[in-house]
Amino acid sequence: MSEPILRVQDIRKSFDGSGVLRGVSLEIREGEVVVIVGPSGCGKSTLLRCINGLETIDSGEIRLHNEVISGRKKDLHLVRQKIGMVFQSYDLFPHMKVMDNLLLGPVRALGRPREEVEKEALQMLDRVGLREKADVYPRTLSGGQKQRVALVRAMLMNPELLLLDEITAALDPEMVSEVLNVVIDLARGGMTMAIVTHEMRFAEAVADRILFLEDGVILEESDPETFFHSPKTERAARFLQSFTYASRRDGAEKQSKNNPQG
Amino acid sequence: MQGLGIHVLFEGINFQRLLGGLWVTLRLALITIGLSCVFGLLFALLMLSRKPAAKVFCRVWLEIVRFMPQLVLLYIVYFGFARIFGWDLDGETSAVLVFTFWGAAEMGDLIRGALTSIPRHQAESAAALGLRKSQVYRYVLIPQTLRRLTPQAINLSTRIIKTTALVKMINVAEVLKVGQQIIGQFYRQPDAAFWVYFVIFLLYFLVCWPFSVLSGYLEKRWA
Ligand SMILES: Nc1ncnc2c1ncn2[C@@H]1O[C@H](COP(=O)(O)OP(=O)(O)O)[C@@H](O)[C@H]1O
Ligand SMILES: [Mg+2]
Numbered sequence: 029m030s031e032p033i034l035r036v037q038d039i040r041k042s043f044d045g046s047g048v049l050r051g052v053s054l055e056i057r058e059g060e061v062v063v064i065v066g067p068s069g070c071g072k073s074t075l076l077r078c079i080n081g082l083e084t085i086d087s088g089e090i091r092l093h094n095e096v097i098s099g100r101k102k103d104l105h106l107v108r109q110k111i112g113m114v115f116q117s118y119d120l121f122p123h124m125k126v127m128d129n130l131l132l133g134p135v136r137a138l139g140r141p142r143e144e145v146e147k148e149a150l151q152m153l154d155r156v157g158l159r160e161k162a163d164v165y166p167r168t169l170s171g172g173q174k175q176r177v178a179l180v181r182a183m184l185m186n187p188e189l190l191l192l193d194e195i196t197a198a199l200d201p202e203m204v205s206e207v208l209n210v211v212i213d214l215a216r217g218g219m220t221m222a223i224v225t226h227e228m229r230f231a232e233a234v235a236d237r238i239l240f241l242e243d244g245v246i247l248e249e250s251d252p253e254t255f256f257h258s259p260k261t262e263r264a265a266r267f268l269q270s271f272t273y274a275s276r277r278d279g280a281e282k283q284s285k286n287n288p289q290g
Numbered sequence: 008m009q010g011l012g013i014h015v016l017f018e019g020i021n022f023q024r025l026l027g028g029l030w031v032t033l034r035l036a037l038i039t040i041g042l043s044c045v046f047g048l049l050f051a052l053l054m055l056s057r058k059p060a061a062k063v064f065c066r067v068w069l070e071i072v073r074f075m076p077q078l079v080l081l082y083i084v085y086f087g088f089a090r091i092f093g094w095d096l097d098g099e100t101s102a103v104l105v106f107t108f109w110g111a112a113e114m115g116d117l118i119r120g121a122l123t124s125i126p127r128h129q130a131e132s133a134a135a136l137g138l139r140k141s142q143v144y145r146y147v148l149i150p151q152t153l154r155r156l157t158p159q160a161i162n163l164s165t166r167i168i169k170t171t172a173l174v175k176m177i178n179v180a181e182v183l184k185v186g187q188q189i190i191g192q193f194y195r196q197p198d199a200a201f202w203v204y205f206v207i208f209l210l211y212f213l214v215c216w217p218f219s220v221l222s223g224y225l226e227k228r229w230a
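These protein sequence lines are chains U and C, in that order. To convert, count from 1 in the first sequence and add 28; that's the numbering used here. To convert, count from 1 in the second sequence and add 7; that's the numbering used here.
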């Protein structure tokens, strides 16, 4: 197998003396989709934020293509040009039209010619069904449309790795799938991704590997089939249990799987 | 001298004198607003700095400016500085000093508020795109700050224009003072005062109204 694109080695991070990441190691290979799940507050966002330098780490090391990227300051922007990230909150720039949102990174950070990027941007918008929205301001878009634009914005940087942090958590339920289908499309195209999500069925559909994070450590690492149908740890089983509901009719042990909200 | 008192405005060069007074008002206000923007920016940066001493300094300054009537500050500088330090400042210089002392603090607080009201995610997602720190400010934070700031800054500017009327108390011949001189000259015309003040009201309105329209327009446009 090829060298991993990303290698996280025993990283630790604490806020105000309480350990949020307590020795996390993971590797992601090219084209691989790793989904990180775990109870809220277990450190998933912190992990992704450490990877692209939004948080500093206390110890350990992060490498991108064997190059150490943790603990850097001056050329952090160069590292981030290779790692795309989309957040939970809608973070399009409200004072720019959709197209200007998309051009900002490639034109200003990478110095690519505007016309060339514009063509590419229109193609990508077309792919996510939003070509006609190029000239509108983000406030006129629905939440699902905003997140699709945010995905396009990240992809236009041609990142080597894409980090997605609960990108559908703030969406109305009917908009979740329009966004996640774009992610699945990217996965099919071979995009390397680390995804944090609470959408378990999506996780099962998209993941090559599931990491179960609890209390700042990775408790279980499995392929999706194993993780969702016969988890190795009791903690993971209990976590998955929290996404199911008991039926109110007879045969109460029969349970229906459901997607949680938020 | 009978008939409507409004004619006093057109006796001799009275109307020109009034416009001259208005120009003094405007000049004072414009200089003050300009300096308030410059020092307000420094004030905001001080307030946002991590040094506790700088923060305390700014808070004290802001409190003084807010609880002290501007007139008292004017008297302190115009009369007090001459006695205590031997600085014999003329009325306009004193006024610019005092109003800038006030305007810079208020403007600084507005700038600080506008900057800190931008969600942290804006800066983070710009940084995540691989922009340098200076580019994050230039393309993302400063444009949004200006949009939030402009209507409030315009509002403060109209308050500064109105407050300049106080300088007549330290013998600067701004528009109100000139008006009173004209009224004094025609003390036998009972309704002269009404007409002079009415015209001054119109002049202030003409100066401040465009600002208010502009601010309303920008607020709607950038909402
Ligand atoms: N900037 C911060 N300052 C202090 N505590 C933080 C900060 N960011 C996260 N935390 C804490 O770290 C823990 C993990 O947070 P997070 O990584 O956001 O969890 P998750 O994304 O898994 O829900 C939480 O207890 C949270 O309160
Ligand atoms: Mg989170």
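These are computed hints drawn from the structure, not numbers from a lab. There could be a bad hint or two in this list.
[What the hints assert, rightly or not] Derived BS3-like pairs (lysine-lysine); straight-line CA-CA distance at most 25 Å:
1) U/147 / U/125
2) C/140 / C/62
3) U/125 / C/227
4) U/102 / C/140
5) U/102 / U/125
6) C/58 / C/140
7) U/147 / U/102
8) C/227 / U/161
9) C/58 / U/102
10) C/184 / C/169
11) C/140 / U/101
12) U/161 / U/125
13) C/169 / U/125
14) U/101 / C/58
15) U/110 / C/227
Each hint tested on the structure:
Note on residue 147 of chain U and residue 125 of chain U: the hinted pairing holds, with a Cα-Cα distance of about 16 Å set against a maximum of 25 Å. A hinted pair counts as satisfied when its Cα atoms are at most 25 Å apart, and residue 140 of chain C with residue 62 of chain C qualifies at roughly 24 Å. A hinted pair counts as satisfied when its Cα atoms are at most 25 Å apart, and residue 125 of chain U with residue 227 of chain C qualifies at roughly 17 Å. About 10 Å separates the Cα atoms of residue 102 of chain U and residue 140 of chain C, which keeps this hinted pair within 25 Å; it holds.
Annotation: proposed proximity of residue 102 of chain U to residue 125 of chain U is violated, straight-line Cα distance about 30 Å (limit 25 Å). Between residue 58 of chain C and residue 140 of chain C the alpha-carbon distance is near 21 Å, which keeps this suggested pair within the 25 Å criterion. Taking the CA atoms of residue 147 of chain U and residue 102 of chain U, the gap is about 32 Å. The hint is violated against a cut of 25 Å. Annotation: proposed proximity of residue 227 of chain C to residue 161 of chain U holds, straight-line Cα distance about 22 Å (limit 25 Å).
For the hint pairing residue 58 of chain C with residue 102 of chain U, the CA-to-CA distance comes to about 23 Å; that is within 25 Å, so the pair holds. The straight-line distance between the Cα atoms of residue 184 of chain C and residue 169 of chain C is roughly 14 Å, inside the 25 Å bound, and the hint therefore holds. The straight-line distance between the Cα atoms of residue 140 of chain C and residue 101 of chain U is roughly 11 Å, inside the 25 Å bound, and the hint therefore holds. A hinted pair counts as satisfied when its Cα atoms are at most 25 Å apart, and residue 161 of chain U with residue 125 of chain U qualifies at roughly 9 Å.
Between residue 169 of chain C and residue 125 of chain U, the direct Cα distance comes to roughly 38 Å. Violation of the 25 Å bound is thereby established for this hinted pair. Taking the CA atoms of residue 101 of chain U and residue 58 of chain C, the gap is about 22 Å. The hint holds against a cut of 25 Å. A hinted pair counts as satisfied when its Cα atoms are at most 25 Å apart, and residue 110 of chain U with residue 227 of chain C does not qualify at roughly 38 Å.
When the structure is compared with the earlier hints, violations turn up for hints 5, 7, 13, 15 and for no others.
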